[in-house]
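J.: Keeping their order, the protein sequence lines are chains H and G.
The numbering of the first sequence is the working numbering, which starts it at 218 and goes up by one.
The numbering of the second sequence is the working numbering, which starts it at 218 and goes up by one.
Treat the hints as calculated values from the structure; they're not laboratory data.
Treat the hints with care, since some could be wrong.
Same chains, same names: a pair is fine if it fits in one copy or spans any two.
To be verified - Taking lysine-lysine pairs in the DSSO-like style, the calculated list, with each CA pair at most 27 Å apart, reads:
no.	residue 1	residue 2
1	LYS498	LYS511
2	LYS631	LYS297
3	LYS326	LYS616
4	LYS498	LYS631
5	LYS241	LYS327
6	LYS616	LYS327
7	LYS631	LYS497
8	LYS631	LYS487
9	LYS508	LYS487
Bear in mind that the values here come from a model prediction, so they are computed numbers and not experimental data.
Protein chains: 2
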Amino acid sequence: MTELETMGAAAKAAERKLSIANTKTKNEALNAICASLLDNKARILAANAEDMKAARENGLKPAFQDRLLLTEERIDGIAKGVSDVEALPDPVGEVISMNDSPTGMTIGKKRVPLGVIGIIFESRPNVTVDAAVLCLKSGNACILRGGKEAIRSNTVLTDLMREALEKAGLPADCVALVHDTSRESAQELMSLRGYVDVLIPRGGAGLIDSVVQNATVPVIETGRGNCHVYVDGDADLEMAANIVENAKCSRPSVCNAIETLLVAEPVAEKFLPLVLARLKKYNVTLRCDEKALKILGDVAIPATETDWGTEYDDYILAVKVVSGIDEAMNHIARYGSGHSEAIITNDYAKSRRFLHEVDAAAVYVNASTRFTDGGEFGLGAEIGISTQKLHARGPMGLKELTSCKYVIYGNGQKS
Amino acid sequence: MTELETMGAAAKAAERKLSIANTKTKNEALNAICASLLDNKARILAANAEDMKAARENGLKPAFQDRLLLTEERIDGIAKGVSDVEALPDPVGEVISMNDSPTGMTIGKKRVPLGVIGIIFESRPNVTVDAAVLCLKSGNACILRGGKEAIRSNTVLTDLMREALEKAGLPADCVALVHDTSRESAQELMSLRGYVDVLIPRGGAGLIDSVVQNATVPVIETGRGNCHVYVDGDADLEMAANIVENAKCSRPSVCNAIETLLVAEPVAEKFLPLVLARLKKYNVTLRCDEKALKILGDVAIPATETDWGTEYDDYILAVKVVSGIDEAMNHIARYGSGHSEAIITNDYAKSRRFLHEVDAAAVYVNASTRFTDGGEFGLGAEIGISTQKLHARGPMGLKELTSCKYVIYGNGQKS
Numbered sequence: 218m219t220e221l222e223t224m225g226a227a228a229k230a231a232e233r234k235l236s237i238a239n240t241k242t243k244n245e246a247l248n249a250i251c252a253s254l255l256d257n258k259a260r261i262l263a264a265n266a267e268d269m270k271a272a273r274e275n276g277l278k279p280a281f282q283d284r285l286l287l288t289e290e291r292i293d294g295i296a297k298g299v300s301d302v303e304a305l306p307d308p309v310g311e312v313i314s315m316n317d318s319p320t321g322m323t324i325g326k327k328r329v330p331l332g333v334i335g336i337i338f339e340s341r342p343n344v345t346v347d348a349a350v351l352c353l354k355s356g357n358a359c360i361l362r363g364g365k366e367a368i369r370s371n372t373v374l375t376d377l378m379r380e381a382l383e384k385a386g387l388p389a390d391c392v393a394l395v396h397d398t399s400r401e402s403a404q405e406l407m408s409l410r411g412y413v414d415v416l417i418p419r420g421g422a423g424l425i426d427s428v429v430q431n432a433t434v435p436v437i438e439t440g441r442g443n444c445h446v447y448v449d450g451d452a453d454l455e456m457a458a459n460i461v462e463n464a465k466c467s468r469p470s471v472c473n474a475i476e477t478l479l480v481a482e483p484v485a486e487k488f489l490p491l492v493l494a495r496l497k498k499y500n501v502t503l504r505c506d507e508k509a510l511k512i513l514g515d516v517a518i519p520a521t522e523t524d525w526g527t528e529y530d531d532y533i534l535a536v537k538v539v540s541g542i543d544e545a546m547n548h549i550a551r552y553g554s555g556h557s558e559a560i561i562t563n564d565y566a567k568s569r570r571f572l573h574e575v576d577a578a579a580v581y582v583n584a585s586t587r588f589t590d591g592g593e594f595g596l597g598a599e600i601g602i603s604t605q606k607l608h609a610r611g612p613m614g615l616k617e618l619t620s621c622k623y624v625i626y627g628n629g630q631k632s
Numbered sequence: 218m219t220e221l222e223t224m225g226a227a228a229k230a231a232e233r234k235l236s237i238a239n240t241k242t243k244n245e246a247l248n249a250i251c252a253s254l255l256d257n258k259a260r261i262l263a264a265n266a267e268d269m270k271a272a273r274e275n276g277l278k279p280a281f282q283d284r285l286l287l288t289e290e291r292i293d294g295i296a297k298g299v300s301d302v303e304a305l306p307d308p309v310g311e312v313i314s315m316n317d318s319p320t321g322m323t324i325g326k327k328r329v330p331l332g333v334i335g336i337i338f339e340s341r342p343n344v345t346v347d348a349a350v351l352c353l354k355s356g357n358a359c360i361l362r363g364g365k366e367a368i369r370s371n372t373v374l375t376d377l378m379r380e381a382l383e384k385a386g387l388p389a390d391c392v393a394l395v396h397d398t399s400r401e402s403a404q405e406l407m408s409l410r411g412y413v414d415v416l417i418p419r420g421g422a423g424l425i426d427s428v429v430q431n432a433t434v435p436v437i438e439t440g441r442g443n444c445h446v447y448v449d450g451d452a453d454l455e456m457a458a459n460i461v462e463n464a465k466c467s468r469p470s471v472c473n474a475i476e477t478l479l480v481a482e483p484v485a486e487k488f489l490p491l492v493l494a495r496l497k498k499y500n501v502t503l504r505c506d507e508k509a510l511k512i513l514g515d516v517a518i519p520a521t522e523t524d525w526g527t528e529y530d531d532y533i534l535a536v537k538v539v540s541g542i543d544e545a546m547n548h549i550a551r552y553g554s555g556h557s558e559a560i561i562t563n564d565y566a567k568s569r570r571f572l573h574e575v576d577a578a579a580v581y582v583n584a585s586t587r588f589t590d591g592g593e594f595g596l597g598a599e600i601g602i603s604t605q606k607l608h609a610r611g612p613m614g615l616k617e618l619t620s621c622k623y624v625i626y627g628n629g630q631k632s
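Given the sequences, and given the hints that come with them, work out the whole structure.
T.: This is the structure:
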């Protein structure tokens, strides 16, 4: 057995106990984790300081260093997140349906944990705790494979969680960290069939592509977002400008930010200068099709075919003038990633068509795509945003970390 | 573009129309398909006769030939299946939840089709129609890749469905058949990202393994079943014998038949001869552990480690004497495939433990595992039995062929 197989077998054994633990026990474990994080701030910060030192020595970008950094306040935030998950209702055990069959059996469908969840993520050490406690609350064991830059922070955080689990009478192996942060360990985790029931990769396009190519365990893809706002001919242009500014500039690095603005031809001449005025203060680069370029002139640069399919995650916005809702929806169907799409319009029929016909996890009328988030959608917490259609679509909360089983009460029935 | 990519692009375009078609239109298409099958029996039977001729010339097994064979009655049965699906409620469009958010948006979660479904299956031509109409009713386009032995039958059946679709005003490309039945075409279909949203393989272990290794599109694994009956010390032994006979012998080739019998030691001496008497008339081979062998003597043969993990799909039963429910559940956790598991007992606490602790798609008390079926579970029809935990578990009906999307009604909200 490889090291990871041994870890997988231990997680599987731990999960058999965790999956049937009652809510009280699971909440006691979360409570112990929360307390342990607050009690061990110094230990966590010391490990994080070493990660930060290495990051500086390796010349990692300031934005990257900021994601890696833990402070007292950030640890408080992580601990608060653990309490929040503790307060959420336990999804496990809900009987979704139950009926008597014609032959007198009682057949029920019950919510159960998924099993062992593998999570591959990058540098943010808060994900280590966030992901683990969501798994724990939903009765799942997890094997965490974080980025190498955060390995010292992650090791301490995982050790603390494992100690807390044992204190609460649950197996430490409900949470495991892969200490080998090589590419090979990630690839092995993706194909740990028999031990890993579901893999959730959280990271950039490179990670997702690697998972798609190499995974042999079932996967939930997350995080790709090529989102659009379509400003219709019947839009309130002031509202549209507000929403475009918010959707592009409030946090360009996230997956629910927009990458392309589609504008209906009849209002393009009036609307585009309005948008330009809003985006100037963020120094947004506008990459425009011919028609938009004619209106915006020298402040914009020409877009190429590649632009329509690119997730910039930056202060760059592709702009295209379309004839109307049909061309807009065709463009979205062709280039969109199925994440979040918005129309700005006051026309009833067009709002209905857009909601009905656009195929994405979240479809908006007159609101910013930035709302695609577990908290906003009432899930309480979020382990990621699924961009596939299988199992879960959009923000995933505790329910999305469960499966079901049929329970059948008979009295001797045979087929 | 390869031939399959062209087919994928056509299916994707067709699916955009089908996914937003109303129930009336979809039912009209199903109605036209049903009528066309009945009107064209001669054409279907002629093509099937050629498939059968080739099968005989190639010396295919009688059981295989029987699966391939179509008769007037079997076509009536297929057509009846189409009407049955027409009569089922349309899963698409159901709003699962809808709430006003704190900022005044209305956020709903709505059931939508999965998109384009790839289905790889073996020789039974009825699957071509069964699978296609379940996809159609749930708003999904499908790309069918059947076995080479049925290619002539499948071609006619698909042509008839495509004609009927056009008659009902839907694109013919909602249903497509891959005419190239090489291994390569199956492998290409498994990795047709951007065109195929979900792949459902229906076939033996070889197909499932190939899909697991090669697929890059999301997959629902189906059909593996290493199922157990555990006869507890507190069982009604007459009931237990009835259930074991039914679960093993009523149709050994299917995935919900049992492969291993676990018997509690205190009743083994009394129960095993009872089982033997029941199974004798089917010529069931019993592969036994030491303790069972001692009881059964020469009529049985010794089991090896391999037996516990083998899906015989045949008149063979592995038998193991266990100390009680804990050893039984440990055995099932180790060797079971998570399909269907049963306990026979009159003990309340043990029935509850078994239902709670055994991790399988269907867990039974005092009933045969053979009930794991879409019809029995009230799904109306079934496209397969999922043996994974992601997306769907157990029998999959129309609802399991859907995903969801969030629809958000705002009035200018920004984050």
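J.: Run every hint past the structure and note whether it holds.
T.: Against the structure, the hints:
1. LYS498 - LYS511: within (22 Å within a copy, 86 Å between copies)
2. LYS631 - LYS297: For LYS631 and LYS297, the Cα distance is within 27 Å only across copies (26 Å; inside one copy 52 Å).
3. LYS326 - LYS616: both (14 Å within a copy, 14 Å between copies)
4. LYS498 - LYS631: Cα proximity of LYS498 and LYS631: across copies only (18 Å, versus 73 Å in one copy).
5. LYS241 - LYS327: within (19 Å within a copy, 33 Å between copies)
6. LYS616 - LYS327: So LYS616 and LYS327 pass the 27 Å test inside a copy (12 Å) and across (16 Å) alike.
7. LYS631 - LYS497: Answer is between; shortest inter-copy Cα gap is 19 Å, intra-copy 73 Å.
8. LYS631 - LYS487: For LYS631 and LYS487, only the inter-copy Cα distance (22 Å) is at most 27 Å; the intra-copy one is 73 Å.
9. LYS508 - LYS487: within (13 Å within a copy, 87 Å between copies)
Every hint from the earlier list agrees with this structure, and none is contradicted.
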